[in-house]
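A.B. asks: Take a look at the letters that make up each chain.
2 protein chains.
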Amino acid sequence: MTLRHTRSSNYPEWYQEVITVSNMAEGSVSPGCMIIKPWGYGIWSRIQRTLDEMFSASGHENYYFPMFIPLSFFQKEADHVEGFAKEMALVTHSKLRKNEEGELIPDGVLEEPLVVRPTSETIIADAFSKWVVSYRDLPILMNQWANVVRWEMRPRLFLRTREFLWQEGHTVHASSVEAEAETEQMLEIYRIMCEESMAVPVITGEKPVHEKFPGAVKTLCIEAMMQDGKALQAGTSHYLGQNFSRPANISFQNKEGEREYAYTTSWGVSTRLVGGLLMSHADDEGMNTPPRVSPYQVIIVPMVKDESKREAIMGYISRIEEGLRSQSAFGEKIRFKTDKRNKDSVDKYWEWARKGAPVICEIGERDVLGEKVMSKIRCRINTTEHKKLLSFNEFISTIGKLLETIQSEMYEKAKVRLKKNIRTDIKTMSSFREYFAEKSGWVDDKERSHPAFVLGKWSGDETTLPLLKELGVSIRCIPFSYQDGEEGECILSGKPAIKNVIFARSY
Amino acid sequence: MTLRHTRSSNYPEWYQEVITVSNMAEGSVSPGCMIIKPWGYGIWSRIQRTLDEMFSASGHENYYFPMFIPLSFFQKEADHVEGFAKEMALVTHSKLRKNEEGELIPDGVLEEPLVVRPTSETIIADAFSKWVVSYRDLPILMNQWANVVRWEMRPRLFLRTREFLWQEGHTVHASSVEAEAETEQMLEIYRIMCEESMAVPVITGEKPVHEKFPGAVKTLCIEAMMQDGKALQAGTSHYLGQNFSRPANISFQNKEGEREYAYTTSWGVSTRLVGGLLMSHADDEGMNTPPRVSPYQVIIVPMVKDESKREAIMGYISRIEEGLRSQSAFGEKIRFKTDKRNKDSVDKYWEWARKGAPVICEIGERDVLGEKVMSKIRCRINTTEHKKLLSFNEFISTIGKLLETIQSEMYEKAKVRLKKNIRTDIKTMSSFREYFAEKSGWVDDKERSHPAFVLGKWSGDETTLPLLKELGVSIRCIPFSYQDGEEGECILSGKPAIKNVIFARSY
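Chain order of the listed sequences is A and B.
The letter at position 450 of the first sequence is residue 450 when you use this note's numbering, and the numbering goes up by one with no holes.
The letter at position 35 of the second sequence is residue 1035 when you use this note's numbering, and the numbering goes up by one with no holes.
Here chain A stands alone, though its shape is the one from the complex (with noise of 0.2 Å):
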């Protein structure tokens, strides 16, 4: 059953539409803010849950900040304040009292207002500034797991909206060295998150100057591409430098004896990525869940068609279930659910479908007779057939290796479709033009073709800038990969270049 919107017809309304039938989120009354629901939090926890684990592994500690920040504080850094004053919830009364007319209205204004947090940087670095004295102080590595606001003009799902969840990482350091591989630490551990967890191949790279975070001195970057060519900053990861410390007065005594000024980084990703997921791997008929990050990845439907039979089919799947019950998958216990709601079993085996939980099980009065297990598989890429009547001992035997498989072909496919649609072949300002000139859309159209990525020559020259907005396009990054250190002609200006760099449109 092909939804109403599908990638070519129409890919925004059809990114919509999967959201909707996959039940992962909504929006909401409380206006650019959304719900986040089961399916899509679930995802959220298990991606929250494997970052968490490896950032304890390499030595975080998480801490929670407060989330009103004084706008004093937030001034100390010219280019950050600026960077983000356009977009900032600001808290001003703290009660309400009624008027003449009998309204409730806000009262009781505060002496200075508060920013509700679109980013922590300069509240934390207070708090260091407190906490470091000397070396022996030396790495702070916290990350916290919160809720940031930044005020989106065009909100949409996961991209992009007003509140939205993540985990921001400040670190501090006694060297720049220190703190620069850091950074590259933490870029490294999203990369396998993404790459592992989500499926989601992603190039890492630098940002160019104009694109790094507002008050960084370098922001590294992953960077996915969705389905329709565009770009999705996926996490950021950035070495502050002294930027932040200067203000803030983060200094130590070092083993010298001397005072000075401690390195920082910081590092994010958010819901966004629950978004991003969506766009590398749902299809025309919803969502497609990888099973590392699936809330379930084997979800069990009773087919009772004769009430006698009933008890005889339960007490099947309870079989079945221990039998889960004693498997694993990706080194964890297979997470299954047997849904017992009184609807159609039908309709619930396109919920679930559309949610696009891994492996499905129909399982009704002839499995129980022929003792054989009837799985569809939601997921399914180039070999894994779609349906399998397997026997009871072979069904519960082989789905921890059928999760594994289907987990490592979904990210096989986003792979050849990453490394298919990165042009590099574009030299000059008049084909760049052409390329862009298609509109964004599904990729792998057989009707038309869209543009995605162009990798290329970059003077860094940044009055070639105005060229690209034009076409909607910007620089996603530097690759780690993909330089060749010839000198050669940047496209855009025709000067010389050396360094390659991405360009795309992107969300």
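Mixed in with the good hints, there may be bad ones.
To be verified - Cross-link-like lysine-lysine pairs, in silico, DSS-like; alpha carbons within 25 Å at most:
| hint | chain 1 | residue 1 | chain 2 | residue 2 |
| --- | --- | --- | --- | --- |
| 1 | A | 76 | B | 1413 |
| 2 | B | 1340 | A | 98 |
| 3 | B | 1305 | A | 255 |
| 4 | B | 1130 | A | 340 |
| 5 | A | 130 | B | 1348 |
| 6 | A | 446 | A | 469 |
| 7 | B | 1469 | B | 1427 |
| 8 | A | 95 | B | 1212 |
| 9 | B | 1427 | A | 76 |
| 10 | A | 130 | B | 1340 |
| 11 | A | 212 | B | 1098 |
| 12 | A | 388 | A | 333 |
| 13 | A | 415 | A | 337 |
| 14 | B | 1212 | A | 98 |
| 15 | A | 348 | B | 1130 |
| 16 | A | 86 | B | 1095 |
| 17 | B | 1095 | A | 305 |
| 18 | A | 343 | B | 1255 |
Think of the hints as simulated: they come from the structure by calculation, not from any bench.
The hints should help you fit chain B onto chain A, whose structure is shown.
C.D. replies: What follows is chain B alone, placed relative to chain A:
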């Protein structure tokens, strides 16, 4: 090493000092808010995970709702808005601009002010009204983990901060019977978590009418006794009846085809539990963290005096770690950590002792030679000895049991204190007044006596409340247990009364 402040010398300062020395949290530049640090956050994470598993096992799913609630939504239930109007943070602007003096000031006035959620009944009820159509859609069993804001004027770390972390459950049911059963079930889950995981005994009961949640039909609660005899409301579960479903129009078609308003509940616990944990178990040397909620259960501190022996000591510690990895406590792997920081080992020992890590092993040269493990038991209660020098094998094979014993002894100790400090012999206002004439203070103090809980009759007449207020006492709950069904005289008014209630000062 006794702290500067003790429970008997200055209980409030002692509380603050324990938080400081255990490094669980600290104040912040954001007025009235706190920074939760790794030991405090780690305890909260354990509580969170325990509850989350119990919520899930009882069929609840996690959602995430926007934290900004349009003011008009908040006003739908009159008692509700009344209850929170005096402590609401209001967002009124969405950006900054520079004024003539070049100062940044709030700009972009919102059409409608947004309330930063103090609780989410109203915005969630609105979503429920859209989701619920037929009885087949019920029940809806949801929970969310979130931050909330209540503009406290006298903030105290963990107990009362303007922003705090919590979970709030919200459910919708087709009948009042089912909704009331849910309200009771969730209270029972809170009781189990407090008593079994936090080792904090609680009294379960119902709030008197004047103490119920604004908008609720009835509020159930768990009340714990702190070491100064004051009560801490540790969790509440509200039966909301149709009070929120009527104004929000949460209605459904019942089995008979008729339209009916649904019945809702809500329930929550917050980071104030961490404050309650401290005041249940900490002593004059610092925190004692019950093993089940302790971020680490065993800490290993290498004692290297002679650098040439470092390798041997660290090698031996690796063997201990390996041994610990093979053991479990409470059906889970043991959480341990070796403190390898480049600091004085005595200082390290005291850091962990102040945090109340249940077992701290100091491993030096002598232990390596003798194949021994010197373990100090921080959370020592009753029979458990403070120091043990065990053979390697004995230590490893008994550690799980030891942690379980520590846990149960901590619970027993708190339970004995609770029972001992409930006065049941106070029958008249004069003896009641005399009892509460004493200031609250450490109830185990041998020098002075301090009031704690009084269990006695109350008529239910609210004109008696000013008498209580004068003494700083409140009615904590009508306990489910401790009811004799006998008619007696109300302590406060002398009028006929049947119900026993708990009177106490409180946090």
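A.B. asks: All the hints need checking, so say for each whether the structure fits it.
C.D. replies: Status of the hints after comparison with the structure:
1. Distance check on the hinted pair: residue 76 of chain A and residue 1413 of chain B sit about 51 Å apart at the alpha-carbon level, beyond 25 Å; violated.
2. The suggested pairing of residue 1340 of chain B with residue 98 of chain A is violated, with an alpha-carbon distance near 59 Å, which exceeds 25 Å.
3. In summary, the hint linking residue 1305 of chain B to residue 255 of chain A is supported, as the alpha carbons are separated by about 22 Å, within the 25 Å threshold.
4. Straight-line distance between C-alpha atoms of residue 1130 of chain B and residue 340 of chain A comes to about 23 Å, which keeps the hinted pair within the 25 Å bound.
5. For the hint pairing residue 130 of chain A with residue 1348 of chain B, the CA-to-CA distance comes to about 20 Å; that is within 25 Å, so the pair holds.
6. Under the criterion of a C-alpha separation no larger than 25 Å, the hint pairing residue 446 of chain A with residue 469 of chain A is inconsistent with the structure, at around 28 Å.
7. Taking the CA atoms of residue 1469 of chain B and residue 1427 of chain B, the gap is near 18 Å; set against the 25 Å cutoff, the hint holds.
8. The hinted pair formed by residue 95 of chain A and residue 1212 of chain B meets the criterion: a straight-line CA distance of about 21 Å does not exceed 25 Å.
9. Between residue 1427 of chain B and residue 76 of chain A, the direct Cα distance comes to roughly 62 Å. Violation of the 25 Å bound is thereby established for this hinted pair.
10. The suggested pairing of residue 130 of chain A with residue 1340 of chain B holds, with an alpha-carbon distance near 23 Å, which does not exceed 25 Å.
11. The hinted pair formed by residue 212 of chain A and residue 1098 of chain B meets the criterion: a straight-line CA distance of about 24 Å does not exceed 25 Å.
12. At most 25 Å may separate the alpha-carbon atoms for a hinted pair to count; residue 388 of chain A and residue 333 of chain A meet this at roughly 22 Å.
13. For a cut-off of 25 Å, the pair hint linking residue 415 of chain A to residue 337 of chain A is broken: about 30 Å separates their Cα positions.
14. Only pairs whose Cα atoms come within 25 Å are accepted, and residue 1212 of chain B paired with residue 98 of chain A is accepted, the gap being roughly 24 Å.
15. For the suggested pair residue 348 of chain A and residue 1130 of chain B, the alpha carbons sit about 20 Å apart, so the restraint of at most 25 Å is met.
16. Taking the CA atoms of residue 86 of chain A and residue 1095 of chain B, the gap is near 5 Å; set against the 25 Å cutoff, the hint holds.
17. Restraint check: the Cα-Cα separation between residue 1095 of chain B and residue 305 of chain A comes to about 59 Å, which exceeds 25 Å; the hinted pair is violated.
18. For the hint linking residue 343 of chain A to residue 1255 of chain B, the alpha-carbon distance of about 14 Å falls within 25 Å, and the restraint holds.
The structure is inconsistent with the numbered hints 1, 2, 6, 9, 13, 17, although it conforms to all the rest.
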